[in-house]
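Engineer: Sequence:
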Amino acid sequence: MSSDAADEIHREQEYVTDLYRRLDNLREQAEHRLSQALLQTGGTQQERSQRESTVALYTEQRASLGAVESGLCFGRLDLVEEGARYIGRIGIFDETAEYEPLLVDWRAPASRPFYLATAASPQGVRRRRHIRTAERTVTALDDEVLDLADAAATAPHHEGLTSEAALFAAMDAGRTGRMRDIVETIQAEQDHIIRADLNGIMVVQGGPGTGKTAVALHRAAYLLYTYRKELSTRAVLVVGPNTTFLKYISQVLPSLAETGVVLRTVGGLFPGVTATGVEPDETAEVKGRAVMAEVLAAAVRDRQQVPDDTVEVEFDREPLVLDRAACEAAREVARRSGKPHNLARPLFDVEMIHALSMQLADRIGTDPYADDPLGGDDAPGDPQLLDEADLAELRRELQADPNVQTVLDWLWPVLTPQRLLSDLYASEARLATAAAVLTDAERALLRRSRDAGWTPADAPLLDEAAELLGEDDRDAEELAERRRRQRLAYAEGALEILHGSRSIDLEDELDPEILTAADVLGALELGERQEDERRLTAAERAAADRRWAFGHVIVDEAQELSPMAWRLLMRRCPSRSMTIVGDVAQTGDPAGTSSWDAVLHPYVADRWRQTQLTVNYRTPAEIMDLAGQVLKSIDPMLEPPRSVRHTGQAPQLTEVGPAELAARLAEEVRREVAALGDGTLGVLVPAGRIDELGAVVTAALPQARVGEQTELTDPVVVLTVRQAKGLEFDAVVIADPGGIVAESPRGHSDLYVAITRPTQRLTVLHHGDLDL
1 MSSDAADEIH REQEYVTDLY RRLDNLREQA EHRLSQALLQ TGGTQQERSQ RESTVALYTE
61 QRASLGAVES GLCFGRLDLV EEGARYIGRI GIFDETAEYE PLLVDWRAPA SRPFYLATAA
121 SPQGVRRRRH IRTAERTVTA LDDEVLDLAD AAATAPHHEG LTSEAALFAA MDAGRTGRMR
181 DIVETIQAEQ DHIIRADLNG IMVVQGGPGT GKTAVALHRA AYLLYTYRKE LSTRAVLVVG
241 PNTTFLKYIS QVLPSLAETG VVLRTVGGLF PGVTATGVEP DETAEVKGRA VMAEVLAAAV
301 RDRQQVPDDT VEVEFDREPL VLDRAACEAA REVARRSGKP HNLARPLFDV EMIHALSMQL
361 ADRIGTDPYA DDPLGGDDAP GDPQLLDEAD LAELRRELQA DPNVQTVLDW LWPVLTPQRL
421 LSDLYASEAR LATAAAVLTD AERALLRRSR DAGWTPADAP LLDEAAELLG EDDRDAEELA
481 ERRRRQRLAY AEGALEILHG SRSIDLEDEL DPEILTAADV LGALELGERQ EDERRLTAAE
541 RAAADRRWAF GHVIVDEAQE LSPMAWRLLM RRCPSRSMTI VGDVAQTGDP AGTSSWDAVL
601 HPYVADRWRQ TQLTVNYRTP AEIMDLAGQV LKSIDPMLEP PRSVRHTGQA PQLTEVGPAE
661 LAARLAEEVR REVAALGDGT LGVLVPAGRI DELGAVVTAA LPQARVGEQT ELTDPVVVLT
721 VRQAKGLEFD AVVIADPGGI VAESPRGHSD LYVAITRPTQ RLTVLHHGDL DL
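Numbering (UniProt numbering), first residue to last: 1 to 772.
Careful: at least some of the hints might be erroneous.
What follows is a set of in silico ranges between Cβ atoms, one per label pair, in the way DEER data are often shown [as the list claims (entries may be wrong)]:
| id | residue 1 | residue 2 | range |
| --- | --- | --- | --- |
| 1 | Arg335 | Pro271 | 20 to 30 Å |
| 2 | Glu655 | Ser232 | 49 to 59 Å |
| 3 | Glu230 | Gln46 | 34 to 44 Å |
| 4 | Tyr603 | Leu653 | 35 to 45 Å |
| 5 | Ser232 | Leu653 | 48 to 58 Å |
| 6 | Ala134 | Pro602 | 20 to 30 Å |
| 7 | Glu397 | Asp309 | 52 to 62 Å |
| 8 | Glu81 | Gln13 | 18 to 28 Å |
| 9 | Ala605 | Asp94 | 45 to 55 Å |
Hints in this document: simulated from the structure, not taken from any laboratory.
In this text the structure is predicted, and so the values were computed from the model without any measurement.
Even for Gly, the Cβ is constructed at its ideal location relative to N, Cα and C.
Hey, can you work out the whole structure from these sequences and the hints?
Structural biologist: Printed below as a string of C-alpha cells:
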C-alpha cells in the first residue's frame, strides 16, 4: 500500500471512529430513555397510552441502532460545489452544530447520487468513494472519478453499472448462508424500483441473479423510512416461498435499521396454524384453484341444515316439535342478513326460539274457559294468557336449555375454519355435496383423515373459511369482562384490608390532612393497574391478527402463488399497495402462474404497472449460457438476463450411469468442499430422491445437512429445487436433472432455477442425454 493510500485510510478511519462514538451515545440515550419510561406507572388512560408509545419508540430505536453496527458508513460523495457527503445505514447529525448531517441515510434523497451518478451523468459528483470496513476498522477504499475532465473517468466500464469494484467484490465474496444487503452496491435500475411511489401495485419481473429479492427488501426499508407516518402503525408484510428462504433473508432488514416488517410464507399467514405438512403436488394444485372459494361457500351452506320432516326437542320433560317449514324460514332469515355464518347464528336462534316459545305458549298459556262456560281443552284461537314479559322469560329459559342448544347446534353449528375444513376433507358425502364442480378424481385428492396435519395449500382455504364463517368475539369479550370484574373485586378487597388494618387508636392519631392510599386510589384505578401490559410492536400485533390490514405487502417468488393464495393476500392489503417480485419463467408450482395479468386482473383490472430487471449480477455468463438453453425449452420467446461477470469456468457436465450416481455424487461433493474454503455448496436433487441422495452426501460429509429445516450457515446443504428457491451458493452440484424435469409438469422451470443458483461453479451429474 502506498503512503498516500495509507494516509487516506487513516483520515477516513478518524471520521468513521467519530461516527461510531456518536452511535454509541445514541444507543446509551435510547437505553436510558427506555429505562425511564419503563419505571413510570399508573396515571390516566391518556398518560398510560403516551407511556406505551414512548416505550415502543425507544424499544424500536434501540433495536435499530443495535443492528447497524456492521458497515455503518460505507460511502462518500465528493461534490463539485458542496464538499464531502458521507453515506451510511442511518442518519447521524451534529447536535452541537445546528444538526449538520455527519452521515446521510442511504434512503434520503441526498444520498441518491451515490447510486445513480455516472461519468456521463455525474449529478454534481466529482468522486464516489466506497469505504470498506471490518467491524469498526476501515480496510480499503475504492474510488470512482466521475469528472470527465479526469482521464480516469474514461477507464473501461460496463454500461449501466455503477461502483463496479465494490459490486464485483461483493459478488466474488464467499456466501455465508445468510443473504447480505446490497446497500453499498445498489445499481441504477434497482434504485428506481426501490424508490418508486408507495401507492398501487408494482410488478418487478426479473430473471435469475438480477437482485429481485434484494431490491424487494431494500424497497421495504425505503418505504418504512419515507412513509413512516403511514406505515409505522400498519407494518409491512414480506411473503417468501419457504421457511428456508425466510431464514436466508432474515438479517437483511435489521441490518438496514428496520424492524417493522412481518416475514411469512403463505403457509404461515393463518395465525395459530402451523401449515408445514407435505402433500402431492396434484392435491395442492386442486386446493389452489379459484373454484375452491365456491366449494367452501357451498360447504358452509351445507352445514346450515333443516330436518327432512320434523325434529323433536325435549323441554321441561315435554316434547316440542320443529317442522321443516319453521327451520327453513329461520334459515332464510339468517341467510338474508348477509352476515357470515357464525355471526348469523344469533338471528337463526331468535327465529327458532320464537317458534318454540309460541308452541309452548299455545300449550300452557291459553284460557280454556274464556268462551266456554262449561270449560274444555285449549283450542286454536283461544285467548293468550301469557303477556310479553312472560313470553320473554319463556324464551330465556328455552335459550338456556341444553336440549334446545343441542338441536340448534345441529341445525346451525358454530364452526371454526379448522373444523369446517377437516370435516369437509374427512367426509366423502360432504365433498360430494360441496365440491360438485370437481371431478371424482379431484375430490379423491382432497380426502384425508381429520387428524392429518395442515399443509401450505390449506392456509388460504382456512383464511377463506374464516371470512365465510366470521369470528364471533362474544366469548373473548365475556372473558375480558370476567377478568375485569375479578381485578376490580381483588382491588376492592385490597383496599378494605388496608382500611381495616388501621387500629382505632392509630386513626385517632393520624393527621386528617395526611392522605392514605385509599383516599387517593379507588378500586377501579387500582384494578386497572393490575392489567398485564404487553408491549407489542405493530409488526407483532399484525402477525397475530388475521384481520390486520397491512400498509404494504411485498411478495417474492410471486409466480408460485395459487389463485387462492392471492385472494388471501388481497384481503391482507385492501389498499392494494403491493410490490410483486418474480419471474414467470421460473414458475415451478403447478398452482402457480405464467401471466401477471391473469393474477392481477380480477382485483385491479389493468391498474398495475410492471418494471423489468435486466442485468444478472449473480450468475456468471458461462453458467447463464447453459441456463439460456433450458429457457428456450420453456418459451422460445424468453430472453435470459444479461450477465456482467465471467469466471472462466464452464459448467462441468458429467454423464454417469444410474448405478454410478451415488458414488460419483459423493466424490464431487468432497472435491467441491475442498475447493470452496469458506464458501457454501448446494446439492440440488429431485424431491423424490432427497432422502436417498441426502444419505449419500451425509455419509461422505457428516457435516452436511438435508432438507428445508437445515441451517443455511452449514457449508453443505442438500435441497430440492423448491426448497432452494431464492437462495444462492458459491457452488452447486445438480444430481439427476432428468429426475427434476420428470417429476413435475413444470420440470424445465425447476431445472432453470437449479442451474442459476451458483455464483461461481456448477456441476451437473446426469445419465443419458441431458434434457435441456
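Engineer: Next, verify each hint and record whether it holds.
Structural biologist: Each hint tested on the structure:
Judged by the Cβ atoms, the range 20 to 30 Å given for Arg335 and Pro271 holds: they are separated by roughly 28 Å. Range check, Glu655 to Ser232: about 57 Å between beta-carbon atoms, so the 49 to 59 Å window is met. Our hint of 34 to 44 Å for Glu230 and Gln46 is violated, since their Cβ atoms are close to 24 Å apart. Range check, Tyr603 to Leu653: Cβ separation about 44 Å, and the 35 to 45 Å hint holds.
For Ser232 and Leu653, the Cβ-Cβ distance of about 52 Å falls inside the hinted range of 48 to 58 Å, so the restraint holds. Between Ala134 and Pro602 the C-beta distance comes to about 51 Å, which lies outside the given range of 20 to 30 Å. The supplied range of 52 to 62 Å is broken by Glu397 and Asp309, whose beta-carbon atoms lie about 26 Å from each other. Roughly 27 Å separates the CB atoms of Glu81 and Gln13, a value that falls within the hinted 18 to 28 Å.
Range check, Ala605 to Asp94: Cβ separation about 51 Å, and the 45 to 55 Å hint holds.
Checked against the numbered hints listed earlier, the structure breaks hints 3, 6, 7; every other hint is satisfied.
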